[in-house]
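Novice: The chain contents come next:
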Amino acid sequence: MATFQPFDVIRRSASVTATPPANRGGEVVKLIDTSKCIGCKACQSACLEWNDMRETVGVNVGVYENPHDLTPNMFTLMRFTEWDNPKTGNLEWLIRKDGCMHCEDPGCLKACPAPGAIVQYANGIVDFIHENCIGCGYCVKGCPFNIPRISQVDHKAYKCTLCSDRVAVGQEPACAKACPTHCITFGTKEEMVSLSEKRIKDLKSRGFDQAGLYNPPGVSGTHVMYVLHHADQPHLYAGLPDNPRISPIVELWKGVSKYAGLAVIGLTAAVGVIHHILQGPNRVSQEDEQKADELAEGGRG
Amino acid sequence: MAKEHAEHIRVRRYSGSARINHWIVAICFVALMLSGLSLFHPSLYPLSDLFGGGQNARWIHPWIGMVLVVAFLGLFVRFFWQNLPEFTDFVWLARIRHVLRANDEDYLPEVGKYNAGQKFVFWAQAILVGVLFVTGVGLWESGLGYFENLLGFKATIEQKRWAALIHAGAAVLAITIWIIHVYAAIWVRGTIPAMTRGFVSGGWGWRHHRKWLRKEVGKGHIQKVA
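Chains as they are written, first to last, in this note's numbering: chain P, 71 to 371; chain F, 10 to 235.
Chain P extracted, bound-state conformation:
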């Protein structure tokens, strides 16, 4: 495996002067091949183990998801979908490992107001730096995949780090290490894309003619990619967005509205200053006081 340099920050949240793009050689990708997943949840266990997190014992409501959703502790979650394929009449069990997609154009980072709370490394990993996090929850609004969760313990945002700490020392993420079927593999972007091509070819030869790679262009691609048997219908996989993008509301909120807002406030203050310079103070004259006195005399008299 190549030596990665995860601490070359290429993007930093709420920082006016962004670090200039470093050498991007060495972009990493975690490839998740849904066709190989057996739903064992070893990845979830490995994730909890490596990140030293614990989930409270939950309640079985008759579905396989455990816990029921991503939580501030559970950064990855197997999502199970039973799908009746109308073409073949087969019942298909679609299992998708949900978690941060490490977007090339990260909505969380764009929405974050705290300088340095979210960073993107040269290798593509998007990481939350908790000492800078203020717990505002803006990343939740920025994310097109509904991934970040706010801890009710320390009021900070949590999500998959793509094991940036492991990757930093040349190891693969804990989930990839634990996966017994090589459904999760980790490596350079080139390696993973070429591996996915092999897998897609294999799937197509076995009747999945719509098999393909999920690397959505709406977020300029992701550093977690899926091989899907039904790449034409990503939403089948527990609501994976068909065409994810940063919400236009978030783009507006974090884009032009900031400058327009500051301009409106600044202009109003400037108009006030100019008005005062041109007109001078509006003072009460002696005549006004006398008129008032006369009114008071008359009014009482």
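What the hints contain is simulated information worked out from the structure, not anything from laboratory work.
The beta-carbon is built from N, C-alpha and C at its ideal position, and this holds for glycine as well.
Among the hints, a few may not be true.
[What the hints assert, rightly or not] Non-contacting residues of chain F with respect to chain P, defined by C-beta distances greater than 12 Å in every case (computed):
id, residue
1, Trp32
2, Gln64
3, Val79
4, Trp101
5, Pro118
6, Val140
7, Arg206
[Unchecked claim] Straight-line C-alpha distance at most 16 Å; calculated EDC-like pairs for lysine to aspartate or glutamate:
id, chain 1, residue 1, chain 2, residue 2
8, F, Lys233, P, Glu367
9, F, Lys233, P, Glu364
10, F, Lys220, P, Glu364
For this one, chain P is given, so just place chain F on it according to the hints.
Specialist: Just chain F, lined up with the frame of chain P:
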């Protein structure tokens, strides 16, 4: 207040409780503005240091907002009747050019306790406080659950995105109107004592709120300045 003429009258404009109420709202507004602006644009983030850093600013902002909403409700109830629109407001607005000139008020109609500009500030802030409250609750990670349980409704992320955009927009408008409010109080000399000491000079009433002054004189609510 002209001190050289001992016999000038002064008129009570705000009671002690109204002034305390106003200043609670004012302090909350400034604190909300500073903590809110710190999250509005990265260049303003250092303002959060006034509150002990970003996490504290983020934590305290919604609570200050709750205090403001309650206190503003007090002001709303107090000043509601005197801020209802009337015909002279439209005449006043039509002659806004004369309002904006420093010594050109003779052409304006006599106004009551509030002119159309002050009424605009009152109603605009009332609406904006309501909007900021509703959208602010939507953005309040730790407080939203309480309101959701109360109303039996779960906010979607899409709704929270709208809340963020609308909250920011409404805050910009509220700050703009606040600048107008503060500037008007400074420009029209003799106004600030109304909210600090509770009194204005008779001449101030004659010049700016003659109808109101006539009423107060009629009721005998005037004092000789000793």
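Novice: If a hint holds in the structure, say so; if it doesn't, say that too.
Specialist: Hint check results:
no. : hint                  : verdict
1   : Trp32                 : 22 Å, holds
2   : Gln64                 : 4 Å, violated
3   : Val79                 : 23 Å, holds
4   : Trp101                : 15 Å, holds
5   : Pro118                : 17 Å, holds
6   : Val140                : 15 Å, holds
7   : Arg206                : 15 Å, holds
8   : Lys233(F) - Glu367(P) : 11 Å, holds
9   : Lys233(F) - Glu364(P) : 13 Å, holds
10  : Lys220(F) - Glu364(P) : 15 Å, holds
Against the hints set out earlier in the document, a violation occurs for number 2 only.
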